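As you go down the protein sequences, you meet chains A and B in turn. Take the first sequence: its position 5, counted from the start at 1, is 5 in my numbering, and no numbers get skipped. Take the second sequence: its position 43, counted from the start at 1, is 1043 in my numbering, and no numbers get skipped.
Among the clues, some could well be false.
Listed below are several chain A residues computed to face chain B (Cβ distance under 8 Å; list not exhaustive) [claimed, not checked]:
#1 K289
#2 R293
#3 T318
#4 I323
Distance condition first, Cα-Cα at most 30 Å in a straight line; then the derived DSS-like pairs of lysine-lysine [unchecked claim]:
#5 K1126/B <-> K289/A
#6 K365/A <-> K408/A
#7 K289/A <-> K352/A
#8 K1050/B <-> K1064/B
#9 K188/A <-> K204/A
#10 K1126/B <-> K1064/B
#11 K327/A <-> K1064/B
#12 K188/A <-> K1050/B
#13 K327/A <-> K289/A
#14 K327/A <-> K1018/B
#15 K289/A <-> K209/A
#16 K209/A <-> K1126/B
#17 K1064/B <-> K204/A
#18 K204/A <-> K236/A
#19 K1110/B <-> K1050/B
#20 K236/A <-> K1050/B
#21 K365/A <-> K327/A
#22 K1050/B <-> K327/A
#23 K236/A <-> K1046/B
#24 K1050/B <-> K289/A
#25 K408/A <-> K394/A
#26 K1046/B <-> K327/A
#27 K365/A <-> K394/A
#28 K408/A <-> K397/A
#29 K1018/B <-> K1050/B
#30 K352/A <-> K327/A
#31 K289/A <-> K1046/B
#32 K1018/B <-> K1064/B
#33 K1126/B <-> K1046/B
#34 K1064/B <-> K188/A
#35 K327/A <-> K236/A
#36 K209/A <-> K1064/B
Think of the hints as simulated: they come from the structure by calculation, not from any bench. Remember, it's a predicted structure, so these values are computed and weren't measured experimentally. All C-beta atoms, glycine included, are put in the ideal place defined by N, C-alpha and C.
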Amino acid sequence: MRHGDTMRYIGTTPAQRAEMLRTIGVADVEALLERIPSKARLGRDLAVSPALAETELVSHLGALAARNAHADGHVCFMGGGAYDHYVPSVTNHLLLRSEFFTAYTPYQPEASQGTLRTIYEYQTMICELTGMDVTNASVYDGGSALAEAALMAHGVTEREQIVVSGALSPLARRVVAAYCAGPRLPIKVVPWRDGVTDLDALAKTVSAKTAGVLVQYPNFFGALEDLDGAAAIAHKHGALLVVAVDPIALGLLRPPGEAGADIVVGEGQGLGNHLAYGGPYLGLFSCRKELIRRMPGRLVGATVDREGRRGFVLTLQTREQHIRREKATSNICTNVALVALGATIYLSLMGKEGLRKVASLSTAKAHYAAQVLSRVPGVAPRFGAPFFKEFVLKLPKSPDRVLRALRKQKILGGVALGAYDRELRDCVLVAVTERRTRAEIDAYAEALAAVVA
Amino acid sequence: MGAYPEELRYTREHEWAKVEGPRARIGITQYAQDQLGDVVFVELPKAGAKVSQMQSFGVVESVKAVSDLFAPLSGEVVEVNQSLTERPEQVNQDPYGAGWMIMIAMANPKELDALMSAAQYEEYLKSAGGH
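Construct the complete structure from the given sequences, taking the supplied hints into account.
And the structure:
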């Protein structure tokens, strides 16, 4: 579409339709369909209710939306990958500015210096958080970032086997399995022990066939893994260590880059983006500089123009499929610019101190909650490993039933783990962010006591 | 050294091979580096990898283009020019010397017959002009 052209989303008139039929020499639209066997045709009009007036439609949709249970109408202790961190109001105000409100890197990217600059700032901040040299412009979400990392480990090492920690999000593991199915990369899952990856089992599994070792930090159960231990095992056999992080936790924890991670990925939703069923979320992707040629995704670089002025460009595009075709590092050719911008605004606003505070408040409140909830008769922490803002509780009654009863009291009590791991069918995963108050945590404990009594 | 040394054998894809006993050293020609412009990255196989005649063994990337590198001869890679990782510009500066890429143990020296001499290669450049 050229500038000045107008795309009109307006249906055709009966006169236009008649003209089109006349042009192709057909009597009516029905004649175009006569090749379709009658038994495959519906034979009546679609049962669609009559059109509503705009006022009716708005209240109808409002009523439907009100049937959703959402984090703002409930006290949310659910996590498992997406978290109810506070989204400062300035984030939306800046995001919704028309200059930014497009999810795409423009097709002539260098024309949009402002967009490229925000992506460059985003990349820089994520590098600082993860302790890595390079970060791409983002991928779709934490799961696809992890899967791309598995493919990248395969590309770098020219090996096939992917070793995955059993304490890594089972949902993210499913994405990895889906991505690895095409190239037929075999996946080995290493069991957990007391809530963390069993390093003895890991050492026995990793070999000269292993391309990458995938762990999560903090892991799916909220516990802190021994990254140095995992890195030593991976590197001993020439495999890459891939670490999936919660970026909020990195406000407090040592960057995985310092522990020897080769690729760091993560779900970035918690950085200034609201919970949303189905996303869009934010895939963080960082790596060491030596691996940059194998990195997937778009990459913004800083440069100078002929007059020496600073500018931003898409760089190293020879990795990408519009140039390298079937030899590209990945088939991803876009990013989630707007969600990444949300994270950039959030991190700029928080700064080092603010992020540290969000992280330490979340930890302190989570540890308080673990204490208080464990005092409920029959309820106990499932694991002893140190945790960040999430922990696993063993319940004396069916977690599904307990969570349903809590939901009636407007408490989203956590994620039942039975669907992911039979061994944890009596357990619930509880997340506590900086948004939860002492009163809310105490009220949760009280409600839980009543429900399990 | 002239543009196309006599002792080398050439491919239609603009690689050269220099026989050194049972081995052959491989690189790209003066013409190739000139057409590519400034080389910014060279991706080469690891020692121990097997290459086959006229199959891709690596990639050369310049400010203008990305191109596959084709093996003039089949064999096993016994040495790789690691210095190209840090200084890929050697491919431009000295394509037959410091800019060499890999050394292979030849699997079948008869394959040399399929390659061009310096005179044939120059003739080929004049007629086809490469591509």
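Report task. State the violated hints by number, sorted upward, taking the hints as numbered earlier in the document. Result -> Hints 1, 5, 16, 17, 21, 30, 33, 34 and 36 are the ones this structure does not satisfy, whereas the remaining hints hold.
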